[in-house]
Amino acid sequence: MTEPTLSCPSPARDDGERITLAHGEGGRRMRRLLQERILPTLGITVGDSADAASLGNVGQSLAMTTDGYVVSPLFFPGGDIGKLAVFGTANDLAVSGAAVRWLSLGLIIEEGLAWSLLEAVLKSIAEAARLVGAPIVTGDTKVVPRGAADQLFLTTTGVGELFPVVPPGPTALRPGDVLIASGPIGCHGVAVMAARERMGFLPPPTSDCASLLPAVAAMFAKPIVPRAIRDATRGGTAAVLHEWAELSGLAMRVDESQLPITPEVAGVCELLGLDPLHVAGEGMMLLAVSPEQADAALEALRGTEVARFAQPIGEVIPRRLSPVLVRRGLGRELPLDEPLGAPLPRIC
Amino acid sequence: MRFLNEFRDPGLATRLIRDIRRMATRRWTLMEVCGGQTHSLLRHGVDAELNDVIEMIHGPGCPVCVTRSDAIDWLAQLCQLPPVLVTSFGDMLRVPGDRDCLLNARAAGGQVRAVYSPLDAVRIAQETPDLQVVFFAVGFETTAPATALAALQAERLGLENFSLLVEHVRVLPAMEMLAAATDCRVDGFLAAGHVCTVTGFEAYADFASRFRRPTVVTGFEPVDLLWGILHCVRQLEAGQSEVVNAYTRAVQITGNRAARDLLDRVYEVVDKEWRGLGTVPGGGLGLREPYRRFCARRRFTQTLLPSAVPPVATELPIHRPNRCRAGDVLVGRLKPTACPEFATACRPESPLGAPMVSDEGACAAYFRYSSSHATHEPG
Numbered sequence: 001m002t003e004p005t006l007s008c009p010s011p012a013r014d015d016g017e018r019i020t021l022a023h024g025e026g027g028r029r030m031r032r033l034l035q036e037r038i039l040p041t042l043g044i045t046v047g048d049s050a051d052a053a054s055l056g057n058v059g060q061s062l063a064m065t066t067d068g069y070v071v072s073p074l075f076f077p078g079g080d081i082g083k084l085a086v087f088g089t090a091n092d093l094a095v096s097g098a099a100v101r102w103l104s105l106g107l108i109i110e111e112g113l114a115w116s117l118l119e120a121v122l123k124s125i126a127e128a129a130r131l132v133g134a135p136i137v138t139g140d141t142k143v144v145p146r147g148a149a150d151q152l153f154l155t156t157t158g159v160g161e162l163f164p165v166v167p168p169g170p171t172a173l174r175p176g177d178v179l180i181a182s183g184p185i186g187c188h189g190v191a192v193m194a195a196r197e198r199m200g201f202l203p204p205p206t207s208d209c210a211s212l213l214p215a216v217a218a219m220f221a222k223p224i225v226p227r228a229i230r231d232a233t234r235g236g237t238a239a240v241l242h243e244w245a246e247l248s249g250l251a252m253r254v255d256e257s258q259l260p261i262t263p264e265v266a267g268v269c270e271l272l273g274l275d276p277l278h279v280a281g282e283g284m285m286l287l288a289v290s291p292e293q294a295d296a297a298l299e300a301l302r303g304t305e306v307a308r309f310a311q312p313i314g315e316v317i318p319r320r321l322s323p324v325l326v327r328r329g330l331g332r333e334l335p336l337d338e339p340l341g342a343p344l345p346r347i348c
Numbered sequence: 001m002r003f004l005n006e007f008r009d010p011g012l013a014t015r016l017i018r019d020i021r022r023m024a025t026r027r028w029t030l031m032e033v034c035g036g037q038t039h040s041l042l043r044h045g046v047d048a049e050l051n052d053v054i055e056m057i058h059g060p061g062c063p064v065c066v067t068r069s070d071a072i073d074w075l076a077q078l079c080q081l082p083p084v085l086v087t088s089f090g091d092m093l094r095v096p097g098d099r100d101c102l103l104n105a106r107a108a109g110g111q112v113r114a115v116y117s118p119l120d121a122v123r124i125a126q127e128t129p130d131l132q133v134v135f136f137a138v139g140f141e142t143t144a145p146a147t148a149l150a151a152l153q154a155e156r157l158g159l160e161n162f163s164l165l166v167e168h169v170r171v172l173p174a175m176e177m178l179a180a181a182t183d184c185r186v187d188g189f190l191a192a193g194h195v196c197t198v199t200g201f202e203a204y205a206d207f208a209s210r211f212r213r214p215t216v217v218t219g220f221e222p223v224d225l226l227w228g229i230l231h232c233v234r235q236l237e238a239g240q241s242e243v244v245n246a247y248t249r250a251v252q253i254t255g256n257r258a259a260r261d262l263l264d265r266v267y268e269v270v271d272k273e274w275r276g277l278g279t280v281p282g283g284g285l286g287l288r289e290p291y292r293r294f295c296a297r298r299r300f301t302q303t304l305l306p307s308a309v310p311p312v313a314t315e316l317p318i319h320r321p322n323r324c325r326a327g328d329v330l331v332g333r334l335k336p337t338a339c340p341e342f343a344t345a346c347r348p349e350s351p352l353g354a355p356m357v358s359d360e361g362a363c364a365a366y367f368r369y370s371s372s373h374a375t376h377e378p379g
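Protein chains in written order, with the working numbering: chain A, 1 to 348; chain B, 1 to 379.
Chain B extracted, bound-state conformation (with noise of 0.2 Å):
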């Protein structure tokens, strides 16, 4: 595959490690803000051919890990009500909330679909008049156009069954939190590849500058993260902090135009409550005038089934009754494969937590990809 094939291949993957490995003269840390990154980082090994001159600590970007429990828990039980068909993109569906997940709540007789594009959730709206439909609109700026999209698409067809409920969230400001924590070991970001697609990284060089921190916006393959790693450590070595793109294919420094247009006019920035993180300051978006009327938490609280779905609560318990450690992993504290549940009580068919679950999750990758645990069922 073009794009793809160059970007994998094992001697220029072998001759970025040997520039790296001359060019430090000290063991540095450094974050992948994305789990796309995370797993590419494992899959193809690179992070192991680095350990001794570079540690990576994996960051918050995980969508789905990050997305509100109790969100879940709503869904899966709005989704028993018979009119209402919940949509989602298929990651979504296994990760727990506190209760449940919606693959258990379909089995239960709820009505769930796992869809690739909120488009099509718009479509099948548009071609089931009798069902309300409500799509679970997860994700970084990544997918937020796409949901804007589908609003904007709802309004056009003048849908009165189709809903969204919003839990998108923002990148940089969980950056800025990170960074801003007294006990941060990052000495420079592997800012998300994907994400900059969109926003561009103009906002990034004042991260890079006030945090004192390198920033390379960097891709997912492994040559991508190799080139990005050399950036961060180039500037580290030589007492640098700005923001350098080592992903020119995809970004470019204002982004997608269009995208961020139907960003500004679809939402607005909203304090978010993050799984596992607590509330970061401008780390949301949330639908704006007159795009709320597409809120699925307003229909279904107040006016559609008043008595019948308890409302979302906006005051969340960050600490859950729970063995799982997901907040420590997401900011970098703890390394998967420290937690002393992993691979024993917590396993992908059996997660305690979001980030064994999702793709993207960094204990899944390490599931995945490290063969310090036996990947076979225990017994």
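Same shape as in the complex, but just chain A (with noise of 0.2 Å):
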């Protein structure tokens, strides 16, 4: 049975809760969206909207970064997706070295999905553009069908200024560099994990989706530039050491008591059969930094709030047959092995 179509569309259906097909079609419904509900609660201005930004004339090195953003749930303890695109665009930026300016985002929203859930992600998102400092400058919406997306899909793309000096990246480790971890890992992916599965934990485990640019400036200020920054997001900080020993062909020691693991993080894990090395944050990164610079980088980073809890976690050795060995337990080492697709939860 299909409902009666109407050849005119009723005007109080524009006003739905729902957004539908039409509003991704081009002409007035599609508009009146962009002008009357996205534009505004981003912040922009409406009439400010043409094809394409101008960033004027700037006269300094760029980086540039893109990443797509496809979170389930949207929203979840700590954090959403808004935030997430925001911050997490902003940190692959700022671990390369560079500090957002601009941003772009690209909606792909699944029809039928609440009005009131796409205001509060597009909120979130204008509140986060304004804690890095960095308008959307672009962006885009389009709409699919029901099945097409799972409720929103978002891409964020960011443009920042390179700082004086940055990085050299892995491959210019060297043999006793140490190893930070800028705070407690694995907090985001099991916040969203335990939300998807309505594990029902309580306190519900957070989030740490935050941006660490300022974590970042503050080591350039000093001025400390460590060999590699990294944050630790998908695959967890094993998915960072594994990259980093391949591209220095090098191995990295990590002591597992000296990893900063809150309880939540640590309960969740022991429960599920997880190991914490393996799960994603969104708000802490690995650095790497010469032995010389760990007290002053530990002090700079310690001085921010994103990264108050950072800690030396290993060191930077010669190359062995395992690339990433952790001291576990009884102080044995122990290689750990790469990520394998997303963890899954063990029966017993």
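The hints are simulated quantities; they were obtained by calculation from the structure and are not laboratory data.
Any given hint might turn out to be false.
[Stated by the list, open to error] Which stretches of chain B does chain A cover? Using the computed rule of at least three CB atoms under 8 Å from a CB of chain A, they are:
hint, stretch
1, 9-18
2, 360-369
[Stated by the list, open to error] Among the chain B residues that face chain A by a calculated CB cut under 8 Å, a handful are:
hint, residue
3, L4
4, A48
5, P222
Glycine included, every Cβ here is placed at the ideal spot set by N, Cα and C.
Using the hints, put the two standalone chains together into the complex.
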């Protein structure tokens, strides 16, 4: 049975609670969605919107990054997809040695998404963009049929100005370099997993979703230039360590007892049989610094809110058979495997 | 974490290692039955610390590894039929059947979802009456009470769209089969602590005396394991073979009465095909009346889709056309690292058999924690 087709859509439905395909097909509904809802919520003045944003004459070295966000659920303790999209992009620039200056935003909306949800995400995007100090200068909105997306997908592109000296990257690592975690590991992954599966932990584990730019800037201001910085997102700390080992031709050794892990993350990982080293964070990064600069780097990091729990976790060592080693339990060094897809819980 | 950190205390562990060394007059061979124990032994380096006085061999206690492969293939086919949603513990999704694993079946368009509890599967069935929700009920007596509860819950709710593919296994009959084998090298057993939290360990007294093997109910942390090993060695040195509970903080002699009652109410003991081991008499659980109406095999082979899904064969060839020697690994005849395929043709990302996939599989434990091979991609 199908609903009777209205030849002339009732104007009242324009302000309905859900976004429909009609909102994505150009024309008046699309214009109204943009001009009356999306742009004001993002704090963008109506009338500014042209097909491309002019960034002016910058006269500075720039870096650019782009990332897609498909997290489910859209809202989780400690964050939401909007905050994640802005901070994630700002962090990708920050760990590359750049401060985000401009953002673009792509929205792919599944038809039927409640306006209230979209509005909440947009408000969160606006707030996060304000925090990192980068306006959203251009964007795009598409509405796709039900099932072609999962509620809402975001794409953010960030353009940032490079600091005068940037980290040379993992190929510059040397044996003896100190590995530092800027904060507790695995918080985001555990929070999203617990929210997605409605595991009912009380209090619910909270995501660490945050901008790392202040911590990176504090170091560069010293000036301390780490050899490598990387945010430990998908694949967690283990993925970063494996990547560094591969690119440097060296091995990474961390000490389990030194790892900053919150009791919530430790508890959930214990229960589900996961290794916190494999779980993603969204507001923490790994740094490799020369041994001479390690203390100063820790001091600079700990002076910022986002990295107040920064901690040395291990060191770079000459190449071994296993590229990443963890000193565990009774003190033995055991290899750490690379994460193999999404972690799945054990059954008993 | 309370009840965990104190059982990982390196100081206490070192003292126990010293005591075990002092006590042992020869090298003893012990089997830890549960895959969780295997992983903990390797992860914390307990086996290496004691290697000169104790040889640890790994038992069949990985539920994912011993689940018959044709059950996976059957579900991989079943989930392709539009009304069917297959739900499973996450572990099971990557385990290869003879043809496919459930993750690949999902990628090919099948409906498969990982759940954390069988009751989640019941909830999905309740919320989506258009779907036929099948839960893949695997595991030892540890997970069986929860699936029994799911059957009761489905009955209470009058759900006609929920069913179970029951592949539960019982650990003691498999231990009996191992101990009865003429080539059994095991001097003493570390029994699976989690299973005993449900079943208790009354039945183990008979096992220990009948097979003259000391049997120690053992936990999973390094101190628990060392405590279990110490009790085992003490008996071996004294020529005793009794059952001892070294996991007293979790296990009582009669187990968990409520959970045992649930098992008795919903299941009956059946002979069961174990992957790699063959048929274990009394080695499994099957639904009893009136809960057989939740049997997925019955529902989908007889009523709903008679032609679309082939029935599960009752007689299975034990030797697979595969180089995997999981059977030998599961009964402790072969160390994973001694397998010619280990870490070469057989790796977690391209497993030849279940023990390389599961979080409790012995091969996966060696792959993850042993430094005798490269954990990164070859080449």
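Hint-by-hint comparison with the structure:
1. 9-18: holds (count 3)
2. 360-369: Holds, because 4 residues of the stretch 360-369 of chain B bring their Cβ atoms closer than 8 Å to Cβ atoms of chain A.
3. L4: B:L4 check passes; min Cβ-Cβ to chain A is 7 Å, inside 8 Å.
4. A48: holds, 6 Å
5. P222: OK, holds: B:P222 within 8 Å of chain A, min 6 Å.
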